[in-house]
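Knowing the structure of chain A, use the given hints to seat chain B on it.
Chains as they are written, first to last, in our numbering: chain A, 1 to 112; chain B, 113 to 221.
Calculated from the structure, these hints are not laboratory results. Virtual Cβ for every residue (Gly too), placed ideally from N, Cα, C. Incorrect hints may have been included.
Okay, the calculated beta carbon distance ranges per label pair [stated by the list, open to error]:
#1 S65(A) - D190(B): 39 to 49 angstroms
#2 Q192(B) - P61(A): 36 to 46 angstroms
#3 R189(B) - G63(A): 38 to 48 angstroms
#4 N178(B) - S65(A): 32 to 42 angstroms
#5 S181(B) - K53(A): 37 to 47 angstroms
#6 S164(B) - V12(A): 41 to 51 angstroms
#7 E79(A) - R172(B): 39 to 49 angstroms
#8 R44(A) - Q182(B): 17 to 27 angstroms
Covered by chain A, per the in silico footprint, the following chain B stretches (three or more residues, Cβ under 8 angstroms) [to be verified]:
#9 156-170
#10 211-218
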Amino acid sequence: DVKVTQSSRYLVKRTGEKVFLECVQDMDHENMFWYRQDPGLGLRLIYFSYDVKMKEKGDIPEGYSVSREKKERFSLILESASTNQTSMYLCASSPRQGYGYTFGSGTRLTVV
Amino acid sequence: QKEVEQNSGPLSVPEGAIASLNCTYSDRGSQSFFWYRQYSGKSPELIMFIYSNGDKEDGRFTAQLNKASQYVSLLIRDSQPSDSATYLCAWLNFNKFYFGSGTKLNVKP
Numbered sequence: 001d002v003k004v005t006q007s008s009r010y011l012v013k014r015t016g017e018k019v020f021l022e023c024v025q026d027m028d029h030e031n032m033f034w035y036r037q038d039p040g041l042g043l044r045l046i047y048f049s050y051d052v053k054m055k056e057k058g059d060i061p062e063g064y065s066v067s068r069e070k071k072e073r074f075s076l077i078l079e080s081a082s083t084n085q086t087s088m089y090l091c092a093s094s095p096r097q098g099y100g101y102t103f104g105s106g107t108r109l110t111v112v
Numbered sequence: 113q114k115e116v117e118q119n120s121g122p123l124s125v126p127e128g129a130i131a132s133l134n135c136t137y138s139d140r141g142s143q144s145f146f147w148y149r150q151y152s153g154k155s156p157e158l159i160m161f162i163y164s165n166g167d168k169e170d171g172r173f174t175a176q177l178n179k180a181s182q183y184v185s186l187l188i189r190d191s192q193p194s195d196s197a198t199y200l201c202a203w204l205n206f207n208k209f210y211f212g213s214g215t216k217l218n219v220k221p
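Same shape as in the complex, but just chain B:
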């Protein structure tokens, strides 16, 4: 079973803080990881992907991948109330994604 595990939360952070979202995976052959954001009542939207060990930055978002420890993280700097959503970690196996169940983030003004 190819599994992606996420803490369901909710994770609450104050506005302006760093939000740290984590995901672990079970398949050592995993190569590519994607983060999707899903607002309540909406469909997921792609925000970042990472293939290589280390960090990848895009604006306020940083994805971190550690293949040895089998985890991937998403850091959101200067969190805003508009970042409040559920964040889905997804592992790409050839052409299919396997999704975690998501972590709900609440950013309090």
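Looking at chain A on its own, in the form it has when it is part of the complex:
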């Protein structure tokens, strides 16, 4: 089975801090994605990547950046955390276009 591992299950950070969320997949998938999930708003795409060192903005990229230096790792960076970034963050990967995602277990981030 494909495993998508997110480094932290729960995080509490202070407003203004720089926050790194790490995601690693172990099945050589081409594509990786970062979503946030909020009650009533569903899953919203922040950034995605089709290849190493490649990134594209999703629907809500403001306040976030990403890094993909190695194929298996896709990091989400909150440049200066704000309380409206309190959310569940989900990383996902897929082998190639047209395939379903495998999600990580999620990181619940609270910004205080």
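Chain B in isolation, oriented as in the chain A frame:
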């Protein structure tokens, strides 16, 4: 705006009944639809996908796609309490999914 609409529920059905979950979409160019199940506090997991008009069956699950009417459905036969979860409909546009906000299903013993 590419939109996928779902009734948030909750949808309550008795154990053993058929649960019917529905999703409508706005983009006539949509080709592929996926259903994900998400248990409370867990991440979504893929349960079915459908590309063509008509029905696709997998065990107790049947996905139905009607492109003319722009809706996709998921039927769960012989519903079990373990099916209680939120079901997310997702539309695949090239390599990105657009998700509905999900329908919460409660299966009562």
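- Item | In rising order, the numbers of the hints this structure does not comply with | As far as the earlier hints go, not one is violated by this structure.
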